Amino acid sequence: PFPEHLPRERVVIAAPASCPCCGSAKLSKLGEDITETLEVIPRQWKVIQTVREKFSCRECEKITQPPAPFHVTPRGFAGPNLLAMILFEKFAQHQPLNRQSERYAREGVDLSLSTLADQVGACAAALK
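To convert, take the position in the sequence shown, counting from 1, and add 1010; that gives the numbering used here.
Where hints are given, some of them may not hold.
[To be verified] If you anchor each label on the Cβ, the simulated ranges turn out as follows:
| no. | residue 1 | residue 2 | range |
| --- | --- | --- | --- |
| 1 | Val1057 | Ala1102 | 43 to 51 Å |
| 2 | Ala1115 | Phe1012 | 28 to 36 Å |
| 3 | Ala1115 | Ser1028 | 46 to 54 Å |
In case anyone wonders, no lab produced these hints; they're calculated from the structure. These numbers were taken from a predicted model, which means no experiment stands behind them. In this text, a Cβ means the ideal position worked out from N, Cα and C, and glycines have one as well.
Generate coordinates for the entire structure from the input sequences, incorporating the hints supplied.
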């Protein structure tokens, strides 16, 4: 009854090693019954650590390092997926930033209302 495109996770309940009636270990498989349950995995949060190694030239003693990745805000912390989610929920889902902040806090990530507003403003400026 569920859409075929949804991924399936197969959980097999271990069969008894012996017959519960007589105790014989000579069991043969006749088939199986499958029960499907629709489940949702809550949003996952993760921190991506971008490592920029520093190198020193042994000839000229100059230190080199690759440039930092682009962020919408200078020294920004929010990745592009997080920014897209904040903007989508605010403008497409009509979810106020204070409710987003409260929901993120319940999920263990404290992002203040002012921080979210700063991110929205920075995105708007970058998209001009």
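The hints, checked one at a time:
no. : hint                          : verdict
1   : Val1057 / Ala1102: 43 to 51 Å : violated (26 Å)
2   : Ala1115 / Phe1012: 28 to 36 Å : holds (32 Å)
3   : Ala1115 / Ser1028: 46 to 54 Å : holds (51 Å)
Hint 1 alone, counting from the list given before, is not met by this structure.
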